[in-house]
Amino acid sequence: MNPQERGWFKSSFSDDNGGCVQVRFTQGWAQVRDSKDVTGPVLVFNQGEWEAFLLGAFNGEFEMPL
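One point on numbering: in full-length UniProt numbering, the residue at position 16 of the sequence shown is 16, and numbering is uninterrupted.
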């Protein structure tokens, strides 16, 4: 396995339809990519940014209005 491909994972709630994101953690960084385009761009977040994102998701800050 290519070292660039190690450590990526997706949620256990994801199915195999390919509409997911993958995440990996390396040296204090969170990296996020599209599971359908693993050679495409990777978003990179530092620890504070990642924690703020998780807190926002937990608090429902990204919920779409009905």
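Some hints could be false.
Said to hold, decoys possible - If you anchor each label on the Cβ, the simulated ranges turn out as follows: (1) Gly19 - Pro65: 30 to 36 Å; (2) Val42 - Asp16: 20 to 26 Å; (3) Glu5 - Gly60: 18 to 24 Å; (4) Gly56 - Ser14: 18 to 24 Å; (5) Gly7 - Pro65: 31 to 37 Å.
Hint data in this document are derived by calculation from the structure and do not stem from the laboratory. The model shown is predicted, which means the values in this text are computed figures rather than measured ones. Glycine residues also receive a C-beta, built at the ideal position from the N, C-alpha and C atoms.
Here is what the structure says about each hint:
1. Gly19 - Pro65: 30 to 36 Å: For Gly19 and Pro65 the Cβ distance comes to about 22 Å; the hint is violated.
2. Val42 - Asp16: 20 to 26 Å: holds (22 Å)
3. Glu5 - Gly60: 18 to 24 Å: For Glu5 and Gly60 the Cβ distance comes to about 33 Å; the hint is violated.
4. Gly56 - Ser14: 18 to 24 Å: Given range 18 to 24 Å: holds, Cβ gap about 20 Å.
5. Gly7 - Pro65: 31 to 37 Å: About 36 Å separates the Cβ atoms of Gly7 and Pro65, which means 31 to 37 Å holds.
In this structure, the hints that do not hold are numbers 1, 3, in rising order.
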